[in-house]
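Student: Spelled out from the first residue to the last, the chains are:
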Amino acid sequence: MTPASRNLWLEIVAFGLVLISLFLFVVAGYFTAMFMINGLLPNSVPLEIRGVVLGRREALVSALSTSLPGAVLVATAWALRLLLVAEKRCGA
Amino acid sequence: MSPAKVIAFLLGLASLALLLLFGFVAFAGPIMVAPPPPLDKQSEGCLGLVLFASSLPLVAIPGIAGACLWFFVVRKQEAAANAEAVSGLDREASFQDRLDGLTPRLLAHGGDAAALAPEIPLWTRDLDGPRQNRLLRLLAACGGEGPGEIAPPLPAIAAAGTASPAWGTRALSFGLLGIAAFCTLWGAFVAFANLTSNLGEILDLPGGPKTAAYGSGSCFVIALAAFLGGLALHWLNRREARRHRWLTIAQQGARDVILERGRRRLAGLFQQDDGAATGRIGRAHFLSTLPELDGAGKGSLLAWLHAGGHLAGLALAGADLRGAELVGADLSAVALDGTDLSGAVLTGARLVEARLRGCRLRGADLRGANATGADLRGADLRQARMHRCDLRRADLRGANLEEANLWQALLPDPIAGSGGVPS
Numbered sequence: 002m003t004p005a006s007r008n009l010w011l012e013i014v015a016f017g018l019v020l021i022s023l024f025l026f027v028v029a030g031y032f033t034a035m036f037m038i039n040g041l042l043p044n045s046v047p048l049e050i051r052g053v054v055l056g057r058r059e060a061l062v063s064a065l066s067t068s069l070p071g072a073v074l075v076a077t078a079w080a081l082r083l084l085l086v087a088e089k090r091c092g093a
Numbered sequence: 014m015s016p017a018k019v020i021a022f023l024l025g026l027a028s029l030a031l032l033l034l035f036g037f038v039a040f041a042g043p044i045m046v047a048p049p050p051p052l053d054k055q056s057e058g059c060l061g062l063v064l065f066a067s068s069l070p071l072v073a074i075p076g077i078a079g080a081c082l083w084f085f086v087v088r089k090q091e092a093a094a095n096a097e098a099v100s101g102l103d104r105e106a107s108f109q110d111r112l113d114g115l116t117p118r119l120l121a122h123g124g125d126a127a128a129l130a131p132e133i134p135l136w137t138r139d140l141d142g143p144r145q146n147r148l149l150r151l152l153a154a155c156g157g158e159g160p161g162e163i164a165p166p167l168p169a170i171a172a173a174g175t176a177s178p179a180w181g182t183r184a185l186s187f188g189l190l191g192i193a194a195f196c197t198l199w200g201a202f203v204a205f206a207n208l209t210s211n212l213g214e215i216l217d218l219p220g221g222p223k224t225a226a227y228g229s230g231s232c233f234v235i236a237l238a239a240f241l242g243g244l245a246l247h248w249l250n251r252r253e254a255r256r257h258r259w260l261t262i263a264q265q266g267a268r269d270v271i272l273e274r275g276r277r278r279l280a281g282l283f284q285q286d287d288g289a290a291t292g293r294i295g296r297a298h299f300l301s302t303l304p305e306l307d308g309a310g311k312g313s314l315l316a317w318l319h320a321g322g323h324l325a326g327l328a329l330a331g332a333d334l335r336g337a338e339l340v341g342a343d344l345s346a347v348a349l350d351g352t353d354l355s356g357a358v359l360t361g362a363r364l365v366e367a368r369l370r371g372c373r374l375r376g377a378d379l380r381g382a383n384a385t386g387a388d389l390r391g392a393d394l395r396q397a398r399m400h401r402c403d404l405r406r407a408d409l410r411g412a413n414l415e416e417a418n419l420w421q422a423l424l425p426d427p428i429a430g431s432g433g434v435p436s
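Top line first, the protein sequences correspond to chains A and B. Throughout the first sequence, residue numbering follows my numbering, covering 2 to 93 in sequence. Throughout the second sequence, residue numbering follows my numbering, covering 14 to 436 in sequence.
Any given hint might turn out to be false.
Said to hold, decoys possible - Partial list, computed: chain A residues near chain B (C-beta under 10 Å):
#: 1; residue: Gly56
#: 2; residue: Ser63
#: 3; residue: Leu85
Claimed, not checked - Facing chain B, according to a computed beta carbon distance under 8 Å, are these residues of chain A, among others:
#: 4; residue: Ile50
#: 5; residue: Val53
#: 6; residue: Glu59
#: 7; residue: Val62
#: 8; residue: Leu65
#: 9; residue: Leu69
#: 10; residue: Val73
#: 11; residue: Ala76
#: 12; residue: Thr77
#: 13; residue: Ala80
#: 14; residue: Ala87
In short, the hints are calculated from the structure, not lab data. It should be emphasised that the depicted structure is a prediction, and the values quoted were computed from it without experimental measurement. Quick reminder that beta carbons are idealized off the backbone N, C-alpha and C, glycines included.
Just chain A, same shape as in the assembly (with noise of 0.2 Å):
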């Protein structure tokens, strides 16, 4: 493989990942929204999961859980960025 092809590889692996952490945040900010949503219904009804009630508390965790990988994968897309930006100053 040259430098050339691997380095495309590269760009090709950091869109992947920016792509599947957009996919991330857009799950966390459904589960969020449906939450909230509810809550602002009359007469809602507490959303309950194998008899845990959903409160505040595990919405919060819930979005985080995928909303803190998303952000990781956006970081790791970065962090290939800058390793492909110090690999052409090298070079060059």
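Add chain B to chain A, keeping to what the hints say.
Tutor: Here is chain B on its own, set in the frame of chain A:
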């Protein structure tokens, strides 16, 4: 970075990670998880100590292996490279002195190296392996009955640490620090999740402080190992980059000595003008010097010889001019038939009426070069970059232009009958 260094580092990192992991399991495990019956009579501290002590041999094995590899292999390789860098300049200068002494002897025998055979042990005395080979290649190139063949140089034994840190080790260092950051955040998240919510019950996990401590603790252990490993590798990378710069400067110094002394010796030879012997010895010196130079050095020497009008007297077929840097050089009517100019940089060079028959110009950079009337019959121009190259009246019969980039190049006109086009 040499493979030995990377393996030594990975063994050390494995040992550290196992130490932290077994330490955590040994001291936190008995508190979190009830030990089985034979061990449940022990106190938690004693049990932890026993578990940790029994796992130490397993943990120590990769660490000891990595330490042995580092001290007995890596440090020896680095010491050899450092010694060569420190003393290389002086040894090269004394080797050049020896070549200066050898040249008049060759001239006295009409360039016949076979006549000097009884003296070879004297000339090669106290020389290291690579320099002995260089001297013997020079004598072989002089030959006994006409221009001898230049034997290819032996592959250079690259001393450890002469290559700059590869992107792989840099990526690994970034990766380890990234894993450390992620595991730290995830450990904090696990603690927060277990202490503030009941989500664990959905997955049938018991909540509470113990689960939080055990879950987040295991994440922090991995984070600590990855952080220390990433920092250590980052430090190693910077050290390698510094060594590489220092070694490169030392090698460049040696190349400058080779170029300067070689030029001086050739100038002295051509002043003698002893006919065929001068040409034979000059060719041998030129061809045996080329492999020791970098692209800039090769280009400088070639341009100097052409400017002085000495190239015509040397038969250079097979000369190793790979990567020669000849940007903007005036090589009009140069005679380089059969030479290897693969990867040479000839951007903007003047190659009017140049003789490049049978040359290897694979991957060469000929952008903007003026090669009008050049003889490129049978040349290998595969993958050459020839944007805006002027090839009018050039003879390209039999040339291989596969994958060559001829964007906006001026090609010879086959209809007008000037030059020739590849079949």
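Student: Now look at each hint and say whether the structure bears it out.
Tutor: Verification of the hints:
no. : hint  : in the structure
1   : Gly56 : holds (8 Å)
2   : Ser63 : holds (7 Å)
3   : Leu85 : holds (9 Å)
4   : Ile50 : holds (5 Å)
5   : Val53 : holds (5 Å)
6   : Glu59 : holds (5 Å)
7   : Val62 : holds (4 Å)
8   : Leu65 : holds (6 Å)
9   : Leu69 : holds (6 Å)
10  : Val73 : holds (5 Å)
11  : Ala76 : holds (7 Å)
12  : Thr77 : holds (6 Å)
13  : Ala80 : holds (5 Å)
14  : Ala87 : holds (7 Å)
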